[in-house]
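Numbering-wise (numbering that gives the first Met the number 0), the sequence shown opens with residue 0 and increments by one.
It is possible that some hints are incorrect.
Calculated pairs, DMTMM-like style, for lysine to aspartate or glutamate (alpha carbon to alpha carbon, straight line, at most 25 Å) [what the hints assert, rightly or not]: (1) K52 - D40; (2) K52 - E42; (3) K52 - D38; (4) K52 - D36.
No lab work stands behind these hints: they were computed from the structure. Since the model is a prediction, treat every value here as computed from it, not as a measurement.
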Amino acid sequence: MVGYRRFTHVFCGQRGSSLPFLNEARGPVGVPMGSLDNDPDYEPRAHIFVDSKVRWFTPHRAA
């Protein structure tokens, strides 16, 4: 689809890390947990790439 742009991925220029991205459709925003310094006290809605998770995060299991 020409001209269609839903997501913009942003990378840290110094570390090359993936940073939160903008969903131009104003839907959910993806925040890589590894980009956070501390536990955000927020319950994630999805888990991806948990093999490389931060030390303080323990994924919950669906019931």
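We went through each hint and held it up to the structure:
1. Proposed proximity of K52 and D40 is supported: the alpha carbons are some 16 Å apart, at most 25 Å.
2. Between K52 and E42 the CA atoms are separated by roughly 15 Å; this keeps the pair inside 25 Å, and the hint holds.
3. Using a Cα cut-off of 25 Å, the hinted pair K52 and D38 holds, with the two alpha carbons roughly 12 Å apart.
4. Restraint check for K52 and D36: satisfied, since their Cα atoms lie roughly 12 Å apart, inside the 25 Å limit.
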